[in-house]
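So the sequence shown is residues 1 to 360, counted in the UniProt record's numbering.
The hints are simulated quantities; they were obtained by calculation from the structure and are not laboratory data. Treat the hints with care, as some may be off.
As the list claims (entries may be wrong) - Within a straight-line C-alpha distance of at most 20 Å, the following computed SDA-like cross-link-like pairs (lysine to any residue) qualify:
hint, residue 1, residue 2
1, Lys347, Glu297
2, Lys347, Arg258
3, Lys185, Ile65
4, Lys347, Ala327
5, Lys36, Leu15
6, Lys238, Tyr275
7, Lys181, Ser114
8, Lys181, Phe234
9, Lys72, Lys181
Said to hold, decoys possible - DEER-style ranges, computed between Cβ atoms:
hint, residue 1, residue 2, range
10, Gln190, Asn61, 26 to 34 Å
11, Glu140, Gln190, 35 to 43 Å
12, Glu280, Ser320, 21 to 29 Å
13, Pro82, Lys14, 49 to 57 Å
From the three backbone atoms N, C-alpha and C, an ideal C-beta is built for every residue, glycine too.
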Amino acid sequence: MELQDYLRNRGLDKLTEEYNIKVNRHSKIDNLVCLKYSQLESPMGEKIVQQCRGIIFDETNNWNIVSYPYDKFFNYGESYAPKLNWDAARIYEKLDGSLMTLFYYEGEWRVQSSGMADAGGDVSGFKYTFQSLFWKVWQELDYQLPTETEYCFMFELMTPYNRIVVRHDRHKLVLHGVRNKVTLKEEDPQIWTDKYNWQLVATYPLQTLEEIVAMTDKLDPMDSEGYIICDREFKRIKVKSPQYVAISHLKTGFSSRRMLEIVVTNEGEEFLNYYPEWQELYQQIATQYNALIEEIEEQYYKYQNIPVQKDFAIAVKNLSYSGILFALRAGKSNSVKESLAQTSIYKLENLLNINFQELG
Numbered sequence: 001m002e003l004q005d006y007l008r009n010r011g012l013d014k015l016t017e018e019y020n021i022k023v024n025r026h027s028k029i030d031n032l033v034c035l036k037y038s039q040l041e042s043p044m045g046e047k048i049v050q051q052c053r054g055i056i057f058d059e060t061n062n063w064n065i066v067s068y069p070y071d072k073f074f075n076y077g078e079s080y081a082p083k084l085n086w087d088a089a090r091i092y093e094k095l096d097g098s099l100m101t102l103f104y105y106e107g108e109w110r111v112q113s114s115g116m117a118d119a120g121g122d123v124s125g126f127k128y129t130f131q132s133l134f135w136k137v138w139q140e141l142d143y144q145l146p147t148e149t150e151y152c153f154m155f156e157l158m159t160p161y162n163r164i165v166v167r168h169d170r171h172k173l174v175l176h177g178v179r180n181k182v183t184l185k186e187e188d189p190q191i192w193t194d195k196y197n198w199q200l201v202a203t204y205p206l207q208t209l210e211e212i213v214a215m216t217d218k219l220d221p222m223d224s225e226g227y228i229i230c231d232r233e234f235k236r237i238k239v240k241s242p243q244y245v246a247i248s249h250l251k252t253g254f255s256s257r258r259m260l261e262i263v264v265t266n267e268g269e270e271f272l273n274y275y276p277e278w279q280e281l282y283q284q285i286a287t288q289y290n291a292l293i294e295e296i297e298e299q300y301y302k303y304q305n306i307p308v309q310k311d312f313a314i315a316v317k318n319l320s321y322s323g324i325l326f327a328l329r330a331g332k333s334n335s336v337k338e339s340l341a342q343t344s345i346y347k348l349e350n351l352l353n354i355n356f357q358e359l360g
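Construct the entire structure; sequences and hints are all you get.
This is the structure:
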């Protein structure tokens, strides 16, 4: 695969530098490296970037693949969404939870999240990590571990603890993907749910894309996020309920501030795909934001080679974004985009001279 070849020939440091890939190491097995693209910085059109969606490599074993969930896939209508072969495509429910991948390594079944090799991240506001919550639900459901150690299994973890939008009144672990780590090919998940009595993601009769889009308009976002269309080559696109998109993006109401957040987090293409009527405002704010990035980058390049810190501070102290320049110089952030993403939304409004407006 492209990503593995890159790592073997050019190394991890070059990958992170060229493609802005985030690296997470397993807390107990340091040679297990989980790779995840940056929503802000990574060039999403690159195949190598798309393959960095939680894949785990063994750094000490010639970058052998230990776990390989999904490549990144896109919303219908997005520029990088693939053309599907509709002759044998299936429609799956798009589940609204946390992707958890079961994989085998050194004599033990383990679980990862999409961004952490050990699923060690905290479930916000609760006593669980994603790892501990996964195994808790696994035991509650009396699920059996598989015997096929050369496979990894992709589940959706859905509980009230890790809710995003859809309500979950009971704990669920639903299988929606399986990959052979030797061939790197995906296989039909139903084979495995039949064998191990795991719950399988719901499927629906095939419709045209137009009919599927129309179906999403009728979905209750508290019950369903939308649909995933998957062809025989396991190329995918997702079609979300517009109501779900609105709730997930606009939980606090729609305003100029929320549109700025959509620009900063690089979620504009998805949002505008469902709400094209906001294109003009989005473009206006995005233009201002990109101009600010260019201005800050120019100023940093102008002053970055001043050798004495005190002289650097004197040179930039009167700039409204001097804090970002200090952070870049100190290595606390890798880019202007990253620094701005870490800046409070109120400070960004001031930098861009955006007056807060309620929009609906």
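The hints, checked one at a time:
For the proposed pair lysine 347 and glutamate 297, the alpha carbon gap of about 18 Å is at most 20 Å, so the pair holds. Restraint check: the Cα-Cα separation between lysine 347 and arginine 258 comes to about 14 Å, which is no more than 20 Å; the hinted pair holds. Between lysine 185 and isoleucine 65 the CA atoms are separated by roughly 13 Å; this keeps the pair inside 20 Å, and the hint holds. This hinted pair checks out: lysine 347 and alanine 327 have alpha carbons roughly 15 Å apart, not beyond 20 Å.
About 11 Å separates the Cα atoms of lysine 36 and leucine 15, which keeps this hinted pair within 20 Å; it holds. Using a Cα cut-off of 20 Å, the hinted pair lysine 238 and tyrosine 275 holds, with the two alpha carbons roughly 16 Å apart. Proximity of lysine 181 to serine 114 is assessed by CA-CA distance (about 17 Å); at most 20 Å being required, the pair is judged to hold. For the hint pairing lysine 181 with phenylalanine 234, the CA-to-CA distance comes to about 15 Å; that is within 20 Å, so the pair holds.
Between lysine 72 and lysine 181, the direct Cα distance comes to roughly 17 Å. Compliance with the 20 Å bound is thereby established for this hinted pair. A C-beta distance of roughly 32 Å is found between glutamine 190 and asparagine 61, which places it inside the suggested range of 26 to 34 Å. For the pair glutamate 140 and glutamine 190, the supplied restraint of 35 to 43 Å is violated, since their beta-carbon distance comes to about 23 Å. The hinted range of 21 to 29 Å is satisfied by glutamate 280 and serine 320, whose Cβ atoms lie roughly 27 Å apart.
Checked against the hint of 49 to 57 Å, the pair proline 82 and lysine 14 fails, with Cβ atoms roughly 27 Å apart.
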